[in-house]
Amino acid sequence: DDNFGDILAAIEEGRNLRQGIKRTISYLFSSNLGEILVIAAALFLDMPLPLIAAQIIWMNLVTDTFFDISLALEPHNPAFMAKGVPSANLIDRRMGIRFLVVAPLMAAGAFWLFASHRDSLDVARTMALTALVVFQWFNAWSCRSGSASVFSVNPFSNKFLLMTLGWVIALHSAALYVPFFNRVLRTTPLHPREFLPIVLMALGILMAEEIRKLVMRRKYSNAV
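Heads up: the sequence shown runs through residues 16 to 239, numbered per the working numbering.
No lab work stands behind these hints, which were simulated from the structure alone.
Values in this document were obtained by computation on a predicted structure and should not be read as measured data.
Each computed EDC-like pair below joins lysine to aspartate or glutamate, with the alpha-carbon atoms no more than 20 angstroms apart:
#1 Lys-174 with Asp-83
#2 Lys-174 with Asp-79
#3 Lys-234 with Asp-107
#4 Lys-174 with Glu-89
Taking CB as the label site, the calculated pair distances span:
#5 Asp-137 with Leu-58: 17 to 25 angstroms
#6 Val-193 with Leu-136: 19 to 27 angstroms
#7 Pro-119 with Leu-186: 23 to 31 angstroms
#8 Gly-29 with Arg-201: 44 to 52 angstroms
#9 Leu-177 with Val-230: 23 to 31 angstroms
#10 Val-214 with Phe-19: 48 to 56 angstroms
#11 Ile-84 with Arg-108: 21 to 29 angstroms
#12 Asp-137 with Ile-51: 20 to 28 angstroms
From the three backbone atoms N, C-alpha and C, an ideal C-beta is built for every residue, glycine too.
Work the whole structure out from these sequences, hints included.
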């Protein structure tokens with residue numbers, strides 16, 4: 016029809032679909048680049064691989080698949096229509112900076128945990144795997160907005176993301192504590208205290224991303 020409001024609604028829907036794609040790309044690229052850097056560091060230093068093939072497949076299954084869908088289903092943000100025309104590039108300079116901040120920190124944390132537990136290779140790999148999985152949990156929440164603080168976004172507005180988080184926590188817990196998965200994935204049960212450095216590193220990565228967002232908000236007042 017000739018209702019101008021329909022045109023505005025179509026533009027809004029298009030912009031939100033585009034933001035969903037950008038969120039997914041931001042999450043996938045930063046997470047997978049972190050995994051690549053961990054393996055590359057081990058190869059460069061002539062060390063055993065921090066992850067075996069089955070663990071990489073498992074990690075991509077329980078993190079990438081479910082979080083991608085949840086981030087794509089993030090509720091519409093009315094602020095998109097109040098901003099200027101978005102960049103034509105799906106991967107822009109701000110997203111590139113995010114990759115350079117998040118991925119190396121994820122890789123460094125996982126590699127340090129792997130190297131510090133090398134007296135038992137299965138334990139070391141389990142620590143590296145769990146670290147990358149937990150880092151990606153935090154990364155997914157941070158990817159809900161490219162510029163807004165994770166603490167300013169309503170945690171209950173995306174129910175799909177909440178359900179996904181509960182689901183992947185249950186799945187990875189099975190990978191750690193169910194004997195069948197221990198045999199298939201070559202994992203070992205972790206003591207609760209071994210999660211402390213992993214969570215602290217994950218929070219550190221989140222804080223680094225919050226600092227990046229703060230800088231971006233000050234530099235790009237129309238960032239969304």
